[in-house]
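Residue 1 is where the sequence shown starts when you use the UniProt record's numbering, and the numbers rise one by one after that.
No wet-lab data here; the hints were simulated from the structure.
Take these hints with a grain of salt, some might be off.
What the hints assert, rightly or not - Label pairs and their in silico Cβ distance ranges:
(1) PRO17 - ASP122: 22 to 32 Å
(2) PRO17 - GLN60: 24 to 34 Å
(3) GLN65 - LEU140: 42 to 52 Å
(4) ARG76 - ILE24: 12 to 22 Å
C-beta: ideal position from N, C-alpha, C; glycine also.
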Amino acid sequence: PQRPNLSQILANTSPAPWTLAAFIAYLASNHCLETLEFTMDARRYRSHYSSMMERATDGQLPPNQDRDLVQSLWTRLIRAYIRPNGTREVNLSSDVRDPILCVHEQMGEMPPDPDHLKPAVDQMYDLMESSVLVPFLNSLSP
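All chains, full assembly: derive it from the sequences and hints.
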């Protein structure tokens, strides 16, 4: 079968043996699962943020419970992946990490727009594509 690209693997549309489950297992065995977990958690944050904004009416703030949930998701993302020495800190350059930390420090009653995470997500995709994808594909060559 033709080798899949990273997007196909992450969408779980790639042919066996290059499945998402195999990619997750490979990342875990190579101690870099947090790169994928971060991108998935950032996608989840974007989804919750979008849902929250859809419930905001007539230029009003979204309901408190929605804002509280989305802010807690943001805070968990920052603590786990972005903040130095986080439990699952991802390897970000300071020019990507620092602006996100500034947004976090200045957070008001509205959770930050998920676009603030885009440079970090892009950097993690680039890292997976440049450093992990080819060794993963080669490890399972049929």
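Hint check:
At about 28 Å, the CB distance of PRO17 to ASP122 agrees with the hint of 22 to 32 Å. With their beta carbons about 51 Å apart, PRO17 and GLN60 fall outside the hinted range of 24 to 34 Å. Between GLN65 and LEU140 the CB atoms are about 44 Å apart, so this pair conforms to the stated range of 42 to 52 Å. Distance hint check for ARG76 and ILE24: the Cβ-Cβ separation is about 20 Å, which falls inside the suggested range of 12 to 22 Å.
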